[in-house]
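Q: Sequence:
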Amino acid sequence: MTADAPCPSVVAPRRPGPPLLQVKNLTRHFTVSGTRIDVLHDCTFDVARGEVVAIVGQSGSGKSTLLNVLGLLDKPSTGSYVFDGVETTPLREGRTSRLRGDGIGFVFQQFHLLERRSALANVGVPMVLGGVPVLSRRSRAKELLESVGLGHRLHSQPHQLSGGEQQRVALARALSREPALILADEPTGALDAASSTMIMDQLIDQARVRDAAVVVVTHDPKVAESADRVVELVEGRTR
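Sequential numbering from 1 applies to the sequence shown in our numbering.
I should point out that these hints are in silico values taken from the structure, not numbers from a laboratory. Every residue gets a Cβ at the ideal spot worked out from N, C-alpha and C, and that includes glycine. One should not assume that every hint holds.
To be verified - Label pairs and their in silico Cβ distance ranges:
#1 Arg116 - Ser80: 30 to 36 Å
#2 Gly163 - Gly34: 41 to 47 Å
#3 Glu178 - Lys75: 49 to 55 Å
#4 Lys75 - Ala190: 27 to 33 Å
#5 Leu99 - Lys222: 29 to 35 Å
#6 Leu91 - Arg117: 28 to 34 Å
#7 Phe108 - Val128: 16 to 22 Å
#8 Ser97 - Leu135: 36 to 42 Å
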């Protein structure tokens, strides 16, 4: 094992807990130049704490739109989305923003790290926005980087890190405010096979250890196979 590789997954699978998010009869449509475009149709599913769920589907099936709704970046046109016991559809933007900031962490295909900042500083960004004191912020960021096998890379900047290492920094950043839900949009899309496996192992371990739910949007069959459950989107409908 190389020095920068995290320990292999050691957290045993367990039975998921009660639903963290519940989607029921959810639809989303847009109007473009007077024409209605239906993207999501009557989607219904739930995800429990400690569960890793993969959302798969062809391009244009509505995966990104669904992820935006789950991440409280968009609202459904009709239907219900309950997150951590809160019906989110009627919430105003301020309440939605707080719920998103406190409860949801995001991991993207492109790492979106601050180029001239260390790994430690990048992981601390959400905590700055959350008003966490400096010393607590640095301690928490260090702990998270160590948990993903990057304790020796605390002061490295993104250009000094491999793609897999950058994505592990991004994962640590997503965990920094202890979210109940981690949303990952093609998290392995820019990585080689070995790094992809490592990232998925980390996502799964974090879900188990932290009792968080993980939803992964992916085109990669191997990523989907590593999830506890797969939700397929076909022409905007869940299966």
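Q: Compare the structure with each hint and give your call.
A: Here is what the structure says about each hint:
no. : hint                        : result
1   : Arg116 - Ser80: 30 to 36 Å  : violated (43 Å)
2   : Gly163 - Gly34: 41 to 47 Å  : holds (43 Å)
3   : Glu178 - Lys75: 49 to 55 Å  : violated (25 Å)
4   : Lys75 - Ala190: 27 to 33 Å  : holds (29 Å)
5   : Leu99 - Lys222: 29 to 35 Å  : holds (33 Å)
6   : Leu91 - Arg117: 28 to 34 Å  : holds (32 Å)
7   : Phe108 - Val128: 16 to 22 Å : holds (19 Å)
8   : Ser97 - Leu135: 36 to 42 Å  : violated (26 Å)
Taken one by one, the earlier hints fail for this structure at numbers 1, 3, 8, listed in ascending order.
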